[in-house]
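Student: Residue numbers (the working numbering), protein chains in the order written: chain A, 36 to 128; chain B, 28 to 443.
The hints are simulated quantities; they were obtained by calculation from the structure and are not laboratory data.
Note that the structure is a prediction, hence the values are computed from the model and not measured.
Ideal placement from N, C-alpha and C gives every residue a C-beta, glycine not left out.
Please note that a few of the clues may not be correct.
[Unchecked claim] Among the chain A residues that face chain B by a calculated CB cut under 8 Å, a handful are:
| # | residue |
| --- | --- |
| 1 | M36 |
| 2 | F40 |
| 3 | M83 |
| 4 | E93 |
| 5 | L94 |
| 6 | V102 |
| 7 | F111 |
| 8 | L123 |
| 9 | L125 |
[What the hints assert, rightly or not] No farther apart than 25 Å at their CA atoms in a straight line, the calculated lysine-lysine pairs in the DSS-like style are these:
| # | chain 1 | residue 1 | chain 2 | residue 2 |
| --- | --- | --- | --- | --- |
| 10 | B | K43 | B | K264 |
| 11 | A | K92 | B | K191 |
| 12 | B | K355 | B | K191 |
| 13 | B | K191 | B | K127 |
| 14 | B | K43 | A | K85 |
| 15 | B | K191 | B | K44 |
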Amino acid sequence: MRQAFTDLLRRPAFGPAGDEATRKGAVMQIKERLGRTGKFLREVRAEMRKVSWPDRKELVSSTVVVVTVVVVASAFIGLIDFVFSQGLKLFIR
Amino acid sequence: MLGALASAFRIPDLRKKIFYTALLLAVFRIGSFIPVPGVNVARLIETYGETGLFQFLDLFSGGALRRFTVFAMGVNPYITASIILQLLTIVIPSLEELSKEGIEGRRKIAQWTRYGTVVLGVIQALGITMGIRGAVEDPGILPVLLIVVTLTAGTSFLMWLGEKISEHGIGNGISLIIFTGIIARLPAGVHTTAISIGRGGISPLNVVLFLVLGLASIVGVIWITLGARRIPVQYAKRVVGRRVYGGQTTHIPLRVNQAGVIPVIFASSLLTFPLTIAQFVPRLGFLMDWLRGDSVSYMILYAVLVVAFTYFYTAITFNVTEVANNMKKYGGFIPGLRPGRPTAEYLDRVLTRITLVGGLFLAVVAVLPNIMTSLTRLSTIYFGGTALLIVVGVALDTMKQIEANLLMRQYEGFMK
């Protein structure tokens, strides 16, 4: 994947894309591209079938943890904000 | 489960790290209240408070822009600088070499990122100051320079805070600063909503609907984040002296969303940059309309950028060649594949395919809730998809790090 990025970024923006492009007609090229995209999407589906998803227990516990952390953190930050905003009023006008 | 989190506080080392992080984040909040001299805040909100760009930028600074404080720019320039440097490491061969040279090379790149932050900071500070020139009390060169220097210094200080948190605290400092900025708006949002319900401005039913949708999106984000393609790895048995090592089967998890929240942070922060440039060049004024937070063109561009950055960041952070080589070194192999290059190619192939789903998911979540907010007509809590993704992602990441620290010390984890 990294290589793909390097190729993409180092490729000249203009000029002929290669010998292949000049040899084949435009219609053929588009057809080929579409075919490749379709194949890629089918492969994406095939790989996604093999992905293991979290079970209910894991999902619930993670959600509880995340919600708790956000609530606790925002309460903490809210408290600090309150103290500072009051405290700064003493110094600034 | 949460009891295990409490056990994190019982380990002195870990407790110290958590307190250190909390302390530095508190320092960040102090700075979010110290105003920049020479700016009339009342006039600022009156004139610009309702513009989309202003509200969008304000989201990342946790209200620091609204009050025009020293942290008004947040960590935006730093993020832009790191994107640029990471792109350059791929484009320029000599930089690529440097990034592969280990700690020394990476330190050098980090140093350049810091210089870049200062340069971009000055540009963005100039842009912001130009953008709000109606609220600047004295438009002379020196007062404007004072504002620019103050803003740039604020961002540089934030960058330092973030690096300190990453180094001595827990979690990724920069992400945590953004996280803190977003959740800082939560208490005030809850307060205003509560008042509004009391006055009958918002029906309780809408609030319930909002909460249910919000919770559903949180679960959805967590679900995708934890989804992984587990590649089985078999380790060969080795006999060293009279003992037999290895021979076990493990797996490497290739996550559907390997890049985490970084693509969202990258894309949204990169999009603010053309807007600041547009402040200087009147001819680029059309960008302001184009990239307004609620315009269709903005959403499309944003979604495309998120997907692109998901691929980009996965490519940068997950080096398949290195993983394959490490596996080979310790006698591991994926059943049915040769170690080394074929293994790396296989990993790359799988990763390229599942990352598409991860990237699309991020893009959809980032853009969709704008519609959700307009559906429930609840705008007091700005819970855009971007904010949601960052909050949930950073919370999950940080907890995972605490858990990893616990497991290292043989405590039971709390996220099973």
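Student: Please name the hints from earlier in the document that this structure breaks, with their numbers sorted from lowest to highest.
Tutor: Failing hints, ascending: 9, 10, 11, 12 and 14.
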